[in-house]
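Engineer: Everything in the sequence shown is counted per this note's numbering, starting at 17 for the first residue and increasing by one.
Keep in mind that the hints are not guaranteed to be accurate.
To be verified - Ranges between beta-carbon positions, derived for each pair: (1) 263 <-> 65: 33 to 41 Å; (2) 280 <-> 130: 24 to 32 Å; (3) 255 <-> 105: 31 to 39 Å; (4) 95 <-> 245: 24 to 32 Å; (5) 141 <-> 173: 25 to 33 Å; (6) 154 <-> 40: 33 to 41 Å.
Keep in mind the hints are simulated off the structure, nothing from the lab.
All C-beta atoms in this analysis are idealised placements derived from N, C-alpha and C, irrespective of residue type, glycine included.
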Amino acid sequence: MSKQNGRGWFIPAGAALGLILAWALAKMLWVIGTLGYPLSNGGAAVLFRLEPGEYSFFGGVLGFVLGFWLLAKPAGLDRRKTLDALAFPVCLVIAAARFATLFWGEAGLGDYSRLGMDLVEDGSILAFFPLSIRDSWGDWWMGVGTLEALAALITGIYALRKRDKYANRPGHLFERCAVILCSVQLVLELFHSVSTITYFVHTEQVWCAVYILVRVIFACRVLAQEQGGGAWKWTVFTVLWVALNGVTQYMMDKLQWLDLLPEGVSRWVGEHLVGIGYGLIILSAVGLCFTGLRAGKLAADQTLRNGKAAAAAYGKDGKETE
Numbered sequence: 017m018s019k020q021n022g023r024g025w026f027i028p029a030g031a032a033l034g035l036i037l038a039w040a041l042a043k044m045l046w047v048i049g050t051l052g053y054p055l056s057n058g059g060a061a062v063l064f065r066l067e068p069g070e071y072s073f074f075g076g077v078l079g080f081v082l083g084f085w086l087l088a089k090p091a092g093l094d095r096r097k098t099l100d101a102l103a104f105p106v107c108l109v110i111a112a113a114r115f116a117t118l119f120w121g122e123a124g125l126g127d128y129s130r131l132g133m134d135l136v137e138d139g140s141i142l143a144f145f146p147l148s149i150r151d152s153w154g155d156w157w158m159g160v161g162t163l164e165a166l167a168a169l170i171t172g173i174y175a176l177r178k179r180d181k182y183a184n185r186p187g188h189l190f191e192r193c194a195v196i197l198c199s200v201q202l203v204l205e206l207f208h209s210v211s212t213i214t215y216f217v218h219t220e221q222v223w224c225a226v227y228i229l230v231r232v233i234f235a236c237r238v239l240a241q242e243q244g245g246g247a248w249k250w251t252v253f254t255v256l257w258v259a260l261n262g263v264t265q266y267m268m269d270k271l272q273w274l275d276l277l278p279e280g281v282s283r284w285v286g287e288h289l290v291g292i293g294y295g296l297i298i299l300s301a302v303g304l305c306f307t308g309l310r311a312g313k314l315a316a317d318q319t320l321r322n323g324k325a326a327a328a329a330y331g332k333d334g335k336e337t338e
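Using the sequences and the accompanying hints, generate a full structural model.
Structural biologist: Shown next as structure tokens:
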């Protein structure tokens with residue numbers, strides 16, 4: 017991706033197309049996540065509003081990366097290697113964007129009460145920027161954007177450290193970084209004070225879970241070529257982790273089921289529901305991350321082995337060796 021190779025246009029063109037697609041997909045996934053209600057009520061004008069809560073961050077990142085991916089082939093670049101080259105800079109862009117949400121309304125802020133905590137007051141160990149943000153009324157809000165930016169920076173450092181290790185597995189480094197970020201967001205999205213929620217579902221979590229599931233399915237298709245039906249166990253595990261996350265959130269949102277328990281048990285569960293619920297959600301996110309990373313690595317290793325076997329079977333002139 018350098019001017020020396022005659023591809024100096026690629027980066028600016030990819031960034032320009034990526035920004036256009038980022039805006040389009042951020043709006044589109046937000047509309048889909050709300051089941052189209054804002055569009056039916058407010059008309060097409062909602063597509064051009066700049067309200068912080070009317071965009072999908074996942075859609076924005078997807079669109080930005082898609083801009084480079086679409087132009088890689090016309091530029092004579094391998095698309096999978098291009099994604100790997102983008103892993104670190106995209107993490108930096110995500111970190112900057114997440115941190116910027118702290119200053120965009122309430123987009124990057126969260127409510128400590130969702131963790132079962134009391135309001136943060138002056139003098140508290142949490143009452144400092146950028147971990148917490150103080151509004152004009154003097155109240156402290158959780159700096160969720162700071163946590164998300166930190167997660168992106170750590171993932172970016174991971175991308176740098178693993179760049180050489182996965183150089184012979186094109187696309188795998190980017191996939192691992194994406195799975196890690198999506199898994200972290202499954203937890204952090206719950207803390208946002210401004211989040212698109214349809215019924216009890218946080219739609220940004222849905223997109224993250226869908227991405228991991230799709231990547232695992234693709235990995236299982238590769239693994240099934242040698243392992244057969246047993247390879248699809250990773251898809252089953254992924255679905256189970258997603259189900260655990262969804263059921264837990266439902267039970268934290270709809271408390272009627274507590275009435276079905278004995279009074280003493282119901283009281284105890286109610287008092288500890290936040291801790292138990294977030295514990296299960298974190299467990300499901302860790303499980304999804306492990307499953308996604310493991311299935312992806314096994315598929316990448318198998319693809320590498322198949323490539324080496326094919327290279328050993330054919331000579332440099334492309335003819336099959338004896």
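Engineer: Each hint needs a verdict: does it hold in this structure or not?
Structural biologist: Structure-based check of each hint:
Distance hint check: the CB atoms of residue 263 and residue 65 are about 34 Å apart, consistent with the given range 33 to 41 Å. For the hinted restraint 24 to 32 Å between residue 280 and residue 130, the CB-CB distance of approximately 26 Å keeps it satisfied. For residue 255 paired with residue 105, a C-beta distance near 33 Å keeps the hint of 31 to 39 Å intact. The given range of 24 to 32 Å is respected by residue 95 and residue 245, whose C-beta atoms sit roughly 30 Å from each other.
In this structure, residue 141 and residue 173 meet the distance hint of 25 to 33 Å, their C-beta atoms being roughly 26 Å apart. A beta carbon spacing of about 39 Å between residue 154 and residue 40 agrees with the range 33 to 41 Å that was offered as a hint.
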